[in-house]
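K.L.:
Residue numbers (numbering that gives the first Met the number 0), protein chains in the order written: chain A, 0 to 483; chain B, 0 to 263; chain C, 0 to 424.
Rather than coming from a laboratory, the hints here were simulated on the basis of the structure.
Watch out, some of these pointers could steer you wrong.
What the hints assert, rightly or not - Dumping the calculated DSSO-like pairs for lysine-lysine here, alpha-carbon to alpha-carbon at most 30 Å:
id, chain 1, residue 1, chain 2, residue 2
1, B, 128, C, 252
2, A, 479, C, 320
3, A, 30, B, 91
4, C, 320, B, 95
5, B, 95, A, 30
6, B, 144, B, 131
7, C, 174, A, 78
8, B, 144, C, 320
9, A, 391, A, 309
The model shown is predicted, which means the values in this text are computed figures rather than measured ones.
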Amino acid sequence: MSDQTNASAPFVRREMIAEQPAPASEAGVVKWLRENLFSGPVNTILTLIGLTVIYYMVSSAWPWFRHSVWNASSLHECKEIVTSNYGEGAVGACWAMLRERWHQFLFGFYPPEEYWRPTFAFGLLFVALAPVLYFGNRKTCSVVVGTVAVLLLVYFLPHEGHPVAKFVAAASLAALGALAWFAPKRLLWFTPLYPALTFWLLWGGSVWTPVFALAGVAVGVLAYRLAGSLGTVMATSIGFLATVLWWLFLSGSVAAQVNGLLPIGLEHVDSDRFGGFLLAVVIGVTAISGSLPLGILLALGRRSDMFLIKSLCVGFIEAIRGVPLITLLFTASLLLNYFLPPGTTFDIILRVIIMVTIFAAAYLAEVVRGGLAALPRGQYEAADALGLDYWKAQRLIVMPQALKISIPGIVSVFIGLFKDTTLVSLVGLMDPLRGVTQVVRSDIAWKGIYWEPYIFVGAIFFAFCFGMSRYSMYLEQKLKREHR
Amino acid sequence: MSDPHAIDREIDRSHMQVSDEVAIQITRMNKWYGAFHVLRDINMTVMKGERIVICGPSGSGKSTLIRCINRLEEHQSGQIVVDGTELTSDLKNIDKVRSEVGMVFQHFNLFPHLSILENCTLAPIWVRKIPKREAEETAMHFLEKVKIPEQAHKYPGQLSGGQQQRVAIARSLCMKPRIMLFDEPTSALDPEMIKEVLDTMIELAEEGMTMLCVTHEMGFAQAVANRVVFMDQGQIVEQNEPREFFNNPQSDRTKLFLSQILGH
Amino acid sequence: MATASDAPKAGFRPSMLIYDTRYRSITIQVFVLILFVLGLVWLLDNTAKNLAAVDKDFNFGFLWTRAGYDINQRLVEYTNDSTHGRALLIGILNTLLVAVLGCILATVVGVLAGILRLSRNWLISRMMTVYVEIFRNIPVLLWILLIFVILTETTPSPRDFRVTDEMIAAGEAPKASPFFFDSIVITNRSAVIPEPLFTRSLGNIDIGIFLISIDLLAFLAAIAAGVFANRALVRHAQRVQEATGIRPVTWWKSILLILGPPILTLYALGFYLGYGELAGFNFVGGIQVLHSFTALWLALSLYTGAFIAENVRAGILSVSKGQTEAASALGLRPGRTMRLVILPQALRVIIPPLISQYLNLTKNTSLAAAVSYMDIKGTLGGITMNQTGRELECMLLMMLIYLVLSLMISTVINIYNHAIRLKER
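Same shape as in the complex, but just chain A (with noise of 0.2 Å):
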């Protein structure tokens, strides 16, 4: 090999060099131990406050956990029970408290004889879900809707009742199952219905009740199409009179005429019997739901050009945001009363869903604001070249977009307002946090008992969030992905 040191000589290379392993000092866990953790002063005192911190949390938590006990029936056994076997002073964890009121951190007061409807419903909300988060996907939407299936026919079979309700059940989700396989597209009509047929399961009453509800949204349609010649605006308009108008006057008396002639039904549940987790997913699910749609009229309205639209929906944002959820649950317990015609009163779980909703809604619609702001007016203007009116253009070309620019941040409203469930308590509703906990602190056997149920309340808060947080950036790398 020629040496190069002559600065201008003429230089061709005839053999190429291999590769070579990096030198020993290069690799390896002494290198990495080097550059990560002690890679100069500053490092390693980093690291040695760090291992202390860690140790320090390790040793004072860990004699508790390995003297969990499990059975027990009052805190005070449990210290008798750690005592004994491990000594004076020894510390355990008392998770003989899950064990026997976990029930209620699931379900409230919620009729023990009636779990199996909350936890049908629960299931359901994932065959309702798989269509949406993948949509058209035949193999997630069958291993979803199959997987809840056989769970709920295992924890379902066993259970005590009538046999044509179970064959009913079984059958349905058989039917669930192979239109996940054979038409997954189809199963996003499972979807609408859901919401009907969760309110059914959960309060119970007569089945007419939400299929005349749903009925209602048949005859908007019908409207819809009926009046379709006269444009968009029109149509949508008198679908939508029409729908209410027959849920105002019509859906009730015939639902309970109905009813007279073919009673089917479940024994009603009161609302003040529902609680823990049940609540929160209840209150949640219907939220987010709802406040999507809303977001997106709202962040619409914000970007009109019509002055009166604009202001309107600007001044709903910036007030609703301006305000903390609390002064607008209370609102809803207290004030509503005054604010509607005398005499009328309804559910305090259906309103806090509406205040929690709109909360939510007021936020999205920033978000959505957002998304839209980044979208180059090229688009726009595409679409109006292509003769699109605005909600076509909305829905086909502007929406899909912004929605996908914007999913990072609607994803975190979201697990915001799942963490806000719990401020519920403070108007008296029985939250998994501090509504049902103070339940069980309360009861002299488990008086003092503090660590377990937070850590179980916030460990089962943890998994949602964190599930919702990992899901969006998986999604968001998805959708760049499919940018490309």
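We have chain A; now place chains B and C onto it with these hints.
P.N.:
Using the frame of chain A, we list chains B and C on its own:
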């Protein structure tokens, strides 16, 4: 030759002399990224006043090589001596070398929060400890030289790519470097702006600056360089004076590369 | 004049109200306006009817009547003979106290965590990731309740601190003892920290609504003077550098200038610490820090700190690597690079979301209701509302106060955004 940026002006070679003083000396230098051997046994001597063009396919290690010269990248074995200072992990040496060596990047890397003038005076004031007024005078001098004195109080975002790259050159010159490194200075530019940047570089060469350019502008190489170095797979494959290099390449790899880049 | 617009007017047909783009938007707006006004009238009418039904009216006169309840944490004087309006003032001050202290602690925690999360130290960056993820994904209410419960249920009662003659005789130590050189006492009722007292106190001045301690004003003025003097020093250093190129060493002068005046003021006023003393069944003297305050403050700071950490991280990452490289290539040392190149750019990205985190924290102080801290909700929306039965007035006033606070903070964001846009272009 079908080079779109062929240099059609007369080059003034009166100051372009290669002295016998060594500016940069690289001996048996190796570098790894993890287990990947990026630079293999590099030996290179650069004399004062030399104008060297380094070319090669992407991923051949040419950018890494010049980034090692001002220690933006660390080498793992061998020796790099710049102007008599050896690059080791000693911070004093690194500071010394960096203040002697100017660098121009592919993406300009101007500081967007500072005006053009402030971009040019930042380092002289804080590193060279030059009074502000003096630094501003120097900066204006070099901005005039790259022909954009009237933009001095604007911000980088308001300038075109070519103008930004010329500011970046002026910013480096304000430190009065003895050696200039160019890391693909024209490859992020629109075609019509490449010429203005090349013109600036040619003027610099005419003044006798020691220059190492990673570039694919073969017109520039033929007009200005006194040596062309071709790199592939992290090693120097061929070097020669430009005419010989382009007209009579020796290695098969060089031939292949030239045929691709010149579109023959 | 306007001949061009005459032509279409001639052919006006009613259907153009819907199909002509010129009139269509007016039609829609008029329609919306009518609906809006109708809705408003409907709401007001309902409210009037409902109020009449329970024999109530709508007025804020109750704010000037006697409150008749005590508030256990008050920054300015208040007794149960004060008015509801004054109770509201106490509530607002308590809200602001938590909000301001929370913002400060959250910023410290968030900036530290955000920077450490980017550190090359693997262990520390992982630990910060865990901190951020745990706090962001669990409701803040949980942290408030947990800290509150730990403080109230695991701490000793005041009598455990008692040292009796028999115990001294027997050589026994009391069951519990204060922390930090006997200065901080944490009991199950509250934490007692030393209180600043002055032998040569200047007294108070009455500014109409409440009294303000002149000692405090003097102290604040001294701090302001120190900061101002330091600014002059830095400016001087700047001028020297511009003239000669060499920046004079200023750090020790800065420390002297910032710390000097406040310390001298304290000395002149005869500053000493008053410790809490056990008297009977409780501690007297010192400053009693309620556990509800501590829980709210710590939980909100740690929770908001996790979000701020993410903003700081994103802000620093938003400055491209090329900027650092260019600065290094010019010979700038890492510290200077950070101060002169990275931070000025990162701050523009960090500050707007940072302020909106402050806004969130301020709104979240309303969670005080969960631990019975006497903020706006505890006073106006709590006891005052229950005593007077004026839900409508209290809730509306409360929302208005929060709205004004929020609008003030968002105005700051807008001014900042506007200012940096001007500077850039």
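K.L.:
Which of the listed hints are not met by the structure?
P.N.:
none
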